[in-house]
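Peer 1: Residue numbers (my numbering), protein chains in the order written: chain S, 1 to 185; chain Y, 1 to 330.
The set of hints was computed from the structure by calculation and includes no laboratory data.
Residues of chain S placed beyond 12 Å of chain Y at every Cβ, according to the derived structure:
1. 74
2. 80
3. 88
4. 153
5. 162
6. 165
7. 168
From the derived model, a few chain Y residues whose C-beta atoms are all more than 10 Å from chain S:
8. 45
9. 174
10. 230
11. 282
12. 290
13. 318
Heads up, incomplete: computed chain S residues facing chain Y, CB under 7 Å, no partners named:
14. 38
15. 42
16. 127
C-beta: ideal position from N, C-alpha, C; glycine also.
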Amino acid sequence: MTVVEGWRPVPARSDAARSDVARDADAALTALYSEHYRSLVRLAALLLDDVGLCEEVVQDAYIRVHGAWGRLQDRDKALAYLRQTVVNLARSTLRRRLVALKHAPKPMPDAASAEEGAYSLVERAAVIQALRELPRRQREAVVLRYYADMSEADAAAVMGCSIGSVKAYTSRGLSALSGKLEGLR
Amino acid sequence: MSALEPDELTRLLTEAVETIRPSPDAYRQIQAGIARRRRWRLPVFTLGGMVMAALIGLAVVAIRPSPSNQVVEPAMPPVMPTTFAEPSRAATVPVPGGTGRSGSGGGGSASGSATRAPTSPPPTRPTTSASSPSVAATSPQSSAPSITTGPGSPQLPTPVAKPAGVNDIDGDGQPDTVAVDGTNLRVKFSRDGQLAQVPLGSITTPLNSAVVDIDADGFGELLVQTQAANGTKSYALLHYVSLDQLVAVTPPSGLTLGAGVHGNSAVGFRCADKTLQISKGSSNDGTQFNVITTTLAFTPDGLTVQDSASSTVRLPADSSPFVVSCGALS
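If we strip away everything but chain S, and leave its shape as in the complex, we get (with noise of 0.2 Å):
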């Protein structure tokens, strides 16, 4: 298991106060953390209209899954698990984020930090702006097929529809980035 940067150990004395389940989270998130919290941002990326949000969605779906950990049936399923949450907090983002749009002028922007030139290099990626202009549904089949690598079944599983649905997302999405990055070609 890698190190990760930031982590600090938890005093001896909470540590023997908390149950065994906790003790259990606790590492099962460092693992995952280490393993995966990098592509899971980056799904996220993929996923939320504001790069710059993805973060926070990741980080919101660690906090939730170690929450849940105690009632989670099937341990070793905590990746799909994770996975899933950030795919509903994502949508959640949006929904939120078109009633705030709806309701408040956007504020002007700040000045660029390091971490935001980068996220401004995401931003001008032609597929991802093809991509934000597919509908939620379709943008969610294509991402999780295409980047996450994830099967129809486990698409249809995290989507929350039927396989048929999942095919018919990623037919649809794909024909339509095919148009826009054609014309952006």
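Dock chain Y against chain S, hints included.
Peer 2: Quick look at chain Y alone, frame taken from chain S:
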């Protein structure tokens, strides 16, 4: 337009997000979020539990039936004063020598041969009158029904013993005091010390009364002699119907509460087996009487005829049924 290959799309997506690097304090932020969630868990759960308990308490209070203060009426409730009109049929009491079948015994204190005449419960209702403000006279001459209006369904306290004890009218186990003031009968109840005043047409002095729990309901009935004329004594029967309230009860039409022989007519009554038996005799020669013994029982409608029997009594050879045999009353 050339179709976008899946592999090419995967490469494009990977390259697009390849520049994203997680922030160095991401894990610390997650840990802070977990600690914050853990810190708020206990207060939130406590508050939620309190809210839930309050809601359950409110629901219990809302659906709980209010405590009933109604007094359960006994199996044989007392007279319920009502307003009614007396039906104009007095033929419910069988006449001697009617279409009865032969039976043994006179059903009362009368001796000699007897002819039993079974009767169905008559539709007639006894006269009841409230103790206040006006009470129908209970003399033998005032057997006509009176129309009274009662205060509603009576409420009785709980008796301590059945039948009631000596001179216990209100069922508290303690004797009650009966006094006379002119034509008013005053009863002081030992249960609460209240004084009930029952106006009667007349009351003999010195007071001749007795408390007898005729129906064995735990509340004694009060028998008071009202008149003594022509060798016949008249009595009034007072029934305890609710707290501190006595009601004068008169027997059904044609029957009187009296004792004695006057010429060719005679009357008497006795208390037996939770019933009141009134014997009414008539004679041609003043010695041999045809006696009709009517058995009355206390019902919610008052005194109701249960049975009737006829017999023949020869005086003074046979024991006379024309006396009062209720407790200490004679």
